[in-house]
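Enquirer: What follows is the residue order along each chain.
Protein chains: 2
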Amino acid sequence: MTTPSSKTAVAPGEPAPRAAEAVIAGGGTMSDIREAQALIWTGKGPGGLIDVLEAGSTIAWIQLPSAGIESYTSVIDEDHTWTCAKGIYARPVAEHALALALAGLHRLPELARAYTWRKTVCRDLCDDRVTILGGGGITRALLPLLAPFGVTTTIIKRHPEDMPGATRVLGAERLDEALEDADVVILALPLTSETEGIIGAAQLRAMKNDGWLVNVGRGKLVDTDALVTALQEQWIGGAALDVTDPEPLPDDHPLWDLTNCIVTPHCANPPPLERENYARLIRDNVRRFFEGQPLEGLVDPKLGY
Amino acid sequence: MTTPSSKTAVAPGEPAPRAAEAVIAGGGTMSDIREAQALIWTGKGPGGLIDVLEAGSTIAWIQLPSAGIESYTSVIDEDHTWTCAKGIYARPVAEHALALALAGLHRLPELARAYTWRKTVCRDLCDDRVTILGGGGITRALLPLLAPFGVTTTIIKRHPEDMPGATRVLGAERLDEALEDADVVILALPLTSETEGIIGAAQLRAMKNDGWLVNVGRGKLVDTDALVTALQEQWIGGAALDVTDPEPLPDDHPLWDLTNCIVTPHCANPPPLERENYARLIRDNVRRFFEGQPLEGLVDPKLGY
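Protein sequence lines, in the order shown, are assigned to chains A and B.
Taking this note's numbering, I'd label the letters of the first sequence as residues 1 to 305.
Taking this note's numbering, I'd label the letters of the second sequence as residues 1001 to 1305.
I should point out that these hints are in silico values taken from the structure, not numbers from a laboratory.
Predicted model only: the values in this text are computed from it and were never measured.
C-beta atoms are modelled at their ideal positions from N, C-alpha and C, and glycine is treated no differently.
Don't take every hint at face value.
Footprint (simulated), chain B over chain A, 3 or more residues, beta carbon under 8 angstroms [to be verified]: (1) 85-98; (2) 149-156.
Below, a list of computed lysine to any residue pairs in the SDA-like style, where the Cα atoms sit at most 25 angstroms apart [unchecked claim]: (3) Lys-44(A) with Thr-1116(B); (4) Lys-1302(B) with Thr-1081(B); (5) Lys-119(A) with Trp-1256(B); (6) Lys-1044(B) with Val-121(A); (7) Lys-1119(B) with Trp-117(A); (8) Lys-119(A) with Asn-1260(B); (9) Lys-1119(B) with Gly-150(A); (10) Lys-1302(B) with Lys-1208(B); (11) Lys-119(A) with Ala-1016(B); (12) Lys-119(A) with Pro-1248(B); (13) Lys-1119(B) with Leu-258(A); (14) Lys-1119(B) with Lys-119(A); (15) Lys-220(A) with Pro-1144(B); (16) Lys-119(A) with His-1253(B); (17) Lys-1119(B) with Pro-246(A); (18) Lys-1119(B) with Pro-17(A); (19) Lys-119(A) with Asp-1252(B); (20) Lys-119(A) with Lys-1044(B); (21) Lys-44(A) with Arg-1123(B); (22) Lys-1119(B) with Lys-1220(B); (23) Lys-1119(B) with Arg-1140(B); (24) Lys-1119(B) with Asp-223(A); (25) Lys-1044(B) with Tyr-1072(B); (26) Lys-119(A) with Pro-1250(B); (27) Lys-208(A) with Lys-1302(B); (28) Lys-208(A) with Glu-1276(B); (29) Lys-220(A) with Arg-1118(B); (30) Lys-157(A) with Asp-284(A); (31) Lys-1208(B) with Val-1299(B); (32) Lys-1119(B) with Lys-157(A); (33) Lys-119(A) with Pro-1012(B); (34) Lys-220(A) with Lys-1119(B); (35) Lys-1220(B) with Pro-17(A); (36) Lys-1220(B) with Gly-136(A).
Work the whole structure out from these sequences, hints included.
Expert: What follows is the structure in structure tokens.
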């Protein structure tokens, strides 16, 4: 059981009420940074985090609020234990990915912008081939949603071991092969030095000319200039992007005008700290930390996710 | 087994090649209308059908090409056996219904028309309440697609008996109750004198003010004027319509301009005679007819579907 020494700080600024409640629900006690053993970081990014860690010399574990943590790379060290919110938002992000894939095949991006009735033939996801890049929480949440469509699923994953519900799991060296016959390609990867630009001109040319690209990972996974050309010249059927590079996407960007493209403003991932399951993660990780149990969402500082 | 007397006509006009092939694959022989026992109707509607039936006095069974047959009501009699294509297109129509429901909740109709990045909060289908009007083939195909979302499903059906995968099945007299707490209401009913205008102002007012209406049945199931008001005054969250009244929807219709509405041009149901499964239905029904087996898609002339 936890003791009154389970000192946890919430920073920056005034403790977010839900975060503080979750700390207490997990058996922690709210504490000043200078005495804290654990830190629940509520900032929108890493700004100020280094200073907090310098002031809080007894902090051993830091909980970060987002699933993707590429912006924290310069701060994350091996002297502390770091956890992020990976997996926590997997379910809604997976649902958004499916909504975007179905929208693309059923031509909703184009039809939503129509002001006249014109004969249109939609495609089906049923019996299609779906390739998913990434084998983390989003993919694990997406596979059961895809199951009733009878699709053939290929997962591209660093360590290609079987995944329940996936037809096959391949290593990254077989990416081009997995793109060639895919009707839908879904990006659900973290952004690291290895995954940046993983979809460039060559990969877009490898895709079927009616295949749809769905990105719910990070904008920089895709070479945006190459994507614009691919959409303009119809190398692929279309793209549905919840994340873009740059982000926010500027008003004059060509992606806005392409009818074979839909951009959603990074809304698959619900706002941090507003979701019950993030409060639950804080509560559970606070309890685990002070009980010496393994933490959820552990970051590998070397891999960067 | 069938014999050389298994005479089947395909009308109007020259026999559609796939229909003729399917007749022969089913053991039928192609025949002139005046000698046919079976008629595969390939017209876009009932125009000319009465004349064909008058000329074909030996015709006992007519296969109609569409799932909804409200336009044939004046021709369908009790002197012939009638079958339609109900159920054949259920799978793609169910998928389109799910695509529209997800698009609505994830705000894609509005986001597809955006030309700027604006913070947006999407909703989830996960754990929602879904009410489906109609308990036919579309609903049977839709329930397995909805299952992994963990939704509570209420089916409104003429004869409320249990359906696999449905949380509850209610009779039409409990419609208002089933609308009140639904996050998504899906119309998958045939159009008959009983179902025409089943969703009017009172039903739209009964719905949640963030609920989405999805229509993949027939346009006249909904009072369109009431729907326009409901969307303009935000009685409901939005509407996603694959069918409209009138149809085609005229260019100056207010539904085109509403960002909480998406219209798809009756494309959930793929073009008749172009689908393998319609050819398969013809083949199987020809075989069944000449072997004296029960036919698939049998029409009840009294019920009108």
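Enquirer: Now tell me, hint by hint, if it's right for this structure.
Expert: Here is what the structure says about each hint:
no.	hint	result
1	85-98	holds (count 5)
2	149-156	violated (count 1)
3	Lys-44(A) with Thr-1116(B)	holds (22 angstroms)
4	Lys-1302(B) with Thr-1081(B)	holds (13 angstroms)
5	Lys-119(A) with Trp-1256(B)	holds (16 angstroms)
6	Lys-1044(B) with Val-121(A)	holds (17 angstroms)
7	Lys-1119(B) with Trp-117(A)	violated (31 angstroms)
8	Lys-119(A) with Asn-1260(B)	holds (22 angstroms)
9	Lys-1119(B) with Gly-150(A)	violated (35 angstroms)
10	Lys-1302(B) with Lys-1208(B)	violated (35 angstroms)
11	Lys-119(A) with Ala-1016(B)	holds (21 angstroms)
12	Lys-119(A) with Pro-1248(B)	holds (10 angstroms)
13	Lys-1119(B) with Leu-258(A)	holds (21 angstroms)
14	Lys-1119(B) with Lys-119(A)	violated (34 angstroms)
15	Lys-220(A) with Pro-1144(B)	violated (36 angstroms)
16	Lys-119(A) with His-1253(B)	holds (17 angstroms)
17	Lys-1119(B) with Pro-246(A)	holds (15 angstroms)
18	Lys-1119(B) with Pro-17(A)	holds (23 angstroms)
19	Lys-119(A) with Asp-1252(B)	holds (17 angstroms)
20	Lys-119(A) with Lys-1044(B)	holds (15 angstroms)
21	Lys-44(A) with Arg-1123(B)	holds (22 angstroms)
22	Lys-1119(B) with Lys-1220(B)	violated (36 angstroms)
23	Lys-1119(B) with Arg-1140(B)	violated (37 angstroms)
24	Lys-1119(B) with Asp-223(A)	holds (24 angstroms)
25	Lys-1044(B) with Tyr-1072(B)	holds (11 angstroms)
26	Lys-119(A) with Pro-1250(B)	holds (13 angstroms)
27	Lys-208(A) with Lys-1302(B)	violated (49 angstroms)
28	Lys-208(A) with Glu-1276(B)	holds (23 angstroms)
29	Lys-220(A) with Arg-1118(B)	holds (20 angstroms)
30	Lys-157(A) with Asp-284(A)	violated (28 angstroms)
31	Lys-1208(B) with Val-1299(B)	violated (36 angstroms)
32	Lys-1119(B) with Lys-157(A)	violated (31 angstroms)
33	Lys-119(A) with Pro-1012(B)	holds (23 angstroms)
34	Lys-220(A) with Lys-1119(B)	holds (20 angstroms)
35	Lys-1220(B) with Pro-17(A)	violated (50 angstroms)
36	Lys-1220(B) with Gly-136(A)	violated (46 angstroms)
When each numbered hint is compared with the structure, violations occur for hints 2, 7, 9, 10, 14, 15, 22, 23, 27, 30, 31, 32, 35 and 36.
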